[in-house]
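**Student:** Listed here are the chains, written in short residue letters.
Protein chains: 4
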Amino acid sequence: MTDMLEFGRSVLEAQPFSRLLGTELVVFEQGRAELALALQPEHLQQHGFAHGGVVSYLADNALTFAGGSVLGDSVTLEYKINYLRPAIGQRLVARARVTGSGKTQAVCHCDVFVSGDGTEKMCATAQGTIRKAG
Amino acid sequence: MTDMLEFGRSVLEAQPFSRLLGTELVVFEQGRAELALALQPEHLQQHGFAHGGVVSYLADNALTFAGGSVLGDSVTLEYKINYLRPAIGQRLVARARVTGSGKTQAVCHCDVFVSGDGTEKMCATAQGTIRKAG
Amino acid sequence: MTDMLEFGRSVLEAQPFSRLLGTELVVFEQGRAELALALQPEHLQQHGFAHGGVVSYLADNALTFAGGSVLGDSVTLEYKINYLRPAIGQRLVARARVTGSGKTQAVCHCDVFVSGDGTEKMCATAQGTIRKAG
Amino acid sequence: MTDMLEFGRSVLEAQPFSRLLGTELVVFEQGRAELALALQPEHLQQHGFAHGGVVSYLADNALTFAGGSVLGDSVTLEYKINYLRPAIGQRLVARARVTGSGKTQAVCHCDVFVSGDGTEKMCATAQGTIRKAG
Numbered sequence: 000m001t002d003m004l005e006f007g008r009s010v011l012e013a014q015p016f017s018r019l020l021g022t023e024l025v026v027f028e029q030g031r032a033e034l035a036l037a038l039q040p041e042h043l044q045q046h047g048f049a050h051g052g053v054v055s056y057l058a059d060n061a062l063t064f065a066g067g068s069v070l071g072d073s074v075t076l077e078y079k080i081n082y083l084r085p086a087i088g089q090r091l092v093a094r095a096r097v098t099g100s101g102k103t104q105a106v107c108h109c110d111v112f113v114s115g116d117g118t119e120k121m122c123a124t125a126q127g128t129i130r131k132a133g
Numbered sequence: 000m001t002d003m004l005e006f007g008r009s010v011l012e013a014q015p016f017s018r019l020l021g022t023e024l025v026v027f028e029q030g031r032a033e034l035a036l037a038l039q040p041e042h043l044q045q046h047g048f049a050h051g052g053v054v055s056y057l058a059d060n061a062l063t064f065a066g067g068s069v070l071g072d073s074v075t076l077e078y079k080i081n082y083l084r085p086a087i088g089q090r091l092v093a094r095a096r097v098t099g100s101g102k103t104q105a106v107c108h109c110d111v112f113v114s115g116d117g118t119e120k121m122c123a124t125a126q127g128t129i130r131k132a133g
Numbered sequence: 000m001t002d003m004l005e006f007g008r009s010v011l012e013a014q015p016f017s018r019l020l021g022t023e024l025v026v027f028e029q030g031r032a033e034l035a036l037a038l039q040p041e042h043l044q045q046h047g048f049a050h051g052g053v054v055s056y057l058a059d060n061a062l063t064f065a066g067g068s069v070l071g072d073s074v075t076l077e078y079k080i081n082y083l084r085p086a087i088g089q090r091l092v093a094r095a096r097v098t099g100s101g102k103t104q105a106v107c108h109c110d111v112f113v114s115g116d117g118t119e120k121m122c123a124t125a126q127g128t129i130r131k132a133g
Numbered sequence: 000m001t002d003m004l005e006f007g008r009s010v011l012e013a014q015p016f017s018r019l020l021g022t023e024l025v026v027f028e029q030g031r032a033e034l035a036l037a038l039q040p041e042h043l044q045q046h047g048f049a050h051g052g053v054v055s056y057l058a059d060n061a062l063t064f065a066g067g068s069v070l071g072d073s074v075t076l077e078y079k080i081n082y083l084r085p086a087i088g089q090r091l092v093a094r095a096r097v098t099g100s101g102k103t104q105a106v107c108h109c110d111v112f113v114s115g116d117g118t119e120k121m122c123a124t125a126q127g128t129i130r131k132a133g
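Protein chains in written order, with numbering that gives the first Met the number 0: chain A, 0 to 133; chain B, 0 to 133; chain C, 0 to 133; chain D, 0 to 133.
The hints are simulated quantities; they were obtained by calculation from the structure and are not laboratory data.
Worth double-checking, as some hints may not be accurate.
Unchecked claim - Label-pair distances were calculated between CB atoms; the ranges are:
no., chain 1, residue 1, chain 2, residue 2, range
1, B, G47, C, K102, 20 to 30 Å
2, A, G117, D, H46, 46 to 56 Å
3, B, R84, C, G21, 37 to 47 Å
4, A, T118, D, M3, 26 to 36 Å
5, B, T118, D, R96, 38 to 48 Å
6, D, G47, B, I87, 39 to 49 Å
7, A, R8, D, M3, 46 to 56 Å
8, B, G47, D, L4, 50 to 60 Å
9, C, E119, A, A37, 47 to 57 Å
10, D, M121, A, A132, 22 to 32 Å
11, A, A132, D, G71, 45 to 55 Å
12, C, T118, A, G71, 51 to 61 Å
13, C, T1, B, R84, 23 to 33 Å
14, B, G30, A, D72, 37 to 47 Å
To be verified - The calculated DSS-like cross-link candidates involving lysine-lysine, where the alpha carbons are at most 30 Å apart (straight line), are:
no., chain 1, residue 1, chain 2, residue 2
15, D, K131, D, K102
16, A, K131, D, K120
17, B, K102, D, K131
18, D, K120, A, K102
19, C, K102, B, K120
20, B, K131, D, K102
21, B, K102, C, K120
22, B, K102, B, K131
23, A, K102, A, K131
24, C, K102, C, K131
25, D, K120, C, K131
26, B, K131, A, K120
27, B, K131, C, K120
28, C, K102, A, K131
Idealized CB from N, CA, C, for every residue including glycine.
Produce the complete structure using the sequences and hints provided.
**Tutor:** Shown next, in the form of structure tokens:
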């Protein structure tokens, strides 16, 4: 495990909400971050799918990690998410990348996939602005 | 309590993720919905504020309830959220309204406020599209 | 006419693209801006409505003026627009307001209306981030 | 030239606003569209860059063409755009692709590039929803 991934995991571990949801940081490198989460019954909405709030939490957090990989300690200023299909499956993965960045802000994209039974399908896609904290 | 509010609460109660977070439906009427949540330690991120994922979950859900108030059973197609300030306080409230609607889709806005110590401040604002389910 | 409105009009007049489209600044005051445009045949798309690009240009520009009214010389960082109905009529008006602002950025909303034959209907709504230039 | 590109060009030619701006359809194939525009003095804003309205018009239109390539006659429901840098140069190119689609709607992405003096730089990136017309 790289030092950068180890550092990123310590940041994630310091987020009580991410511990509550059981999020893992899978990839964290210059310009890129990947977060994953095993879907549990308490992550669902009334139709049995992952709640949109879980999907967008994961996208938002992955966008921030991707931006943070080039900016340092960062916050999400804003983002937009499109849900493509119901998130039905065992596991969510959010893959985020930096599309463009300056000294204090980065524009990032993130695709969220749901997997289960050997398949993986994109269930959401997001675009947002990350700002260096402080 | 109106029948509509009672019905809305039964929908919210059927969302395991909303029960996990402790969300309440405060207002649910034609074109308008208000959701609230008492902030708990497990809702925070590493800087001690409410995690963005909690704020956007509440906005997303309030947008869907607002849209659902005119469309019936509904899902969020997409939304965009701007965070205005760190959500520091005891309670989050998301107030959503329908800005325009047709037969199958509605465009809604939502402001999220954080309150505590007798003050209430807007901490996020969102705009999204809700679609009739099915 | 206030000095502020006069100043705003000189800024608009300095935008060749706004002159090409015939845009007027109707209101420009602390936290608020209103731009209008008489629809011409060359503003349309293939179905006879105002082209989405004209509607979003007007929204984008009104957002920037609203943000600029509190920040000074400004640029749009990003915005999102929902089209509510085809823009059929004689005149477009974009009404923008500041929803929240800090020292260097403002979050603004804008509604765009199309009018003609004595009626006025909202045809689009937008939300965006404006940043102080320089 | 393929029949599809020829057809797309006839659609673009039928948009008075696109003729006013001098837009060309460079690529139009299943899931992908590319629009380009030679920057003229009347496309600028007060600082000498392409007006944001020109950049977002091109992105919006490219998103609609990309969506239309899989849905048929289409309109943009909503989109979001982030400006990455001032659009300084001779030519704008908007490259759009379908990220996910169903029977009546498609989610598309578009990157806008500005070129001049042998270089090409991304100046904006957009994400939106396209809906089949009618």
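**Student:** Hint by hint, note whether the structure agrees.
**Tutor:** Taking the hints in turn, this is what the structure says about them:
1. G47(B) <-> K102(C): 20 to 30 Å: holds (23 Å)
2. G117(A) <-> H46(D): 46 to 56 Å: holds (53 Å)
3. R84(B) <-> G21(C): 37 to 47 Å: For R84(B) and G21(C) the Cβ distance comes to about 39 Å; the hint holds.
4. T118(A) <-> M3(D): 26 to 36 Å: holds (31 Å)
5. T118(B) <-> R96(D): 38 to 48 Å: holds (46 Å)
6. G47(D) <-> I87(B): 39 to 49 Å: For G47(D) and I87(B) the Cβ distance comes to about 42 Å; the hint holds.
7. R8(A) <-> M3(D): 46 to 56 Å: The hint (46 to 56 Å, Cβ to Cβ) holds, given that R8(A) and M3(D) are roughly 48 Å apart.
8. G47(B) <-> L4(D): 50 to 60 Å: Holds: the Cβ-Cβ distance is about 56 Å, inside 50 to 60 Å.
9. E119(C) <-> A37(A): 47 to 57 Å: holds (52 Å)
10. M121(D) <-> A132(A): 22 to 32 Å: holds (25 Å)
11. A132(A) <-> G71(D): 45 to 55 Å: About 46 Å separates the Cβ atoms of A132(A) and G71(D), which means 45 to 55 Å holds.
12. T118(C) <-> G71(A): 51 to 61 Å: Between T118(C) and G71(A), where Cβ atoms are some 53 Å apart, the hint holds.
13. T1(C) <-> R84(B): 23 to 33 Å: holds (31 Å)
14. G30(B) <-> D72(A): 37 to 47 Å: holds (41 Å)
15. K131(D) <-> K102(D): holds (8 Å)
16. K131(A) <-> K120(D): holds (23 Å)
17. K102(B) <-> K131(D): holds (15 Å)
18. K120(D) <-> K102(A): Answer holds: K120(D) to K102(A) is near 17 Å, not above 30 Å.
19. K102(C) <-> K120(B): holds (17 Å)
20. K131(B) <-> K102(D): holds (15 Å)
21. K102(B) <-> K120(C): Within the cut-off at roughly 17 Å; holds.
22. K102(B) <-> K131(B): With a Cα-Cα distance of about 8 Å, the restraint between K102(B) and K131(B) holds, given a limit of 30 Å.
23. K102(A) <-> K131(A): holds (8 Å)
24. K102(C) <-> K131(C): holds (8 Å)
25. K120(D) <-> K131(C): holds (23 Å)
26. K131(B) <-> K120(A): With a Cα-Cα distance of about 23 Å, the restraint between K131(B) and K120(A) holds, given a limit of 30 Å.
27. K131(B) <-> K120(C): holds (23 Å)
28. K102(C) <-> K131(A): Cα-Cα ~15 Å, so holds.
Comparing the model with each numbered hint stated earlier shows that all of them hold.
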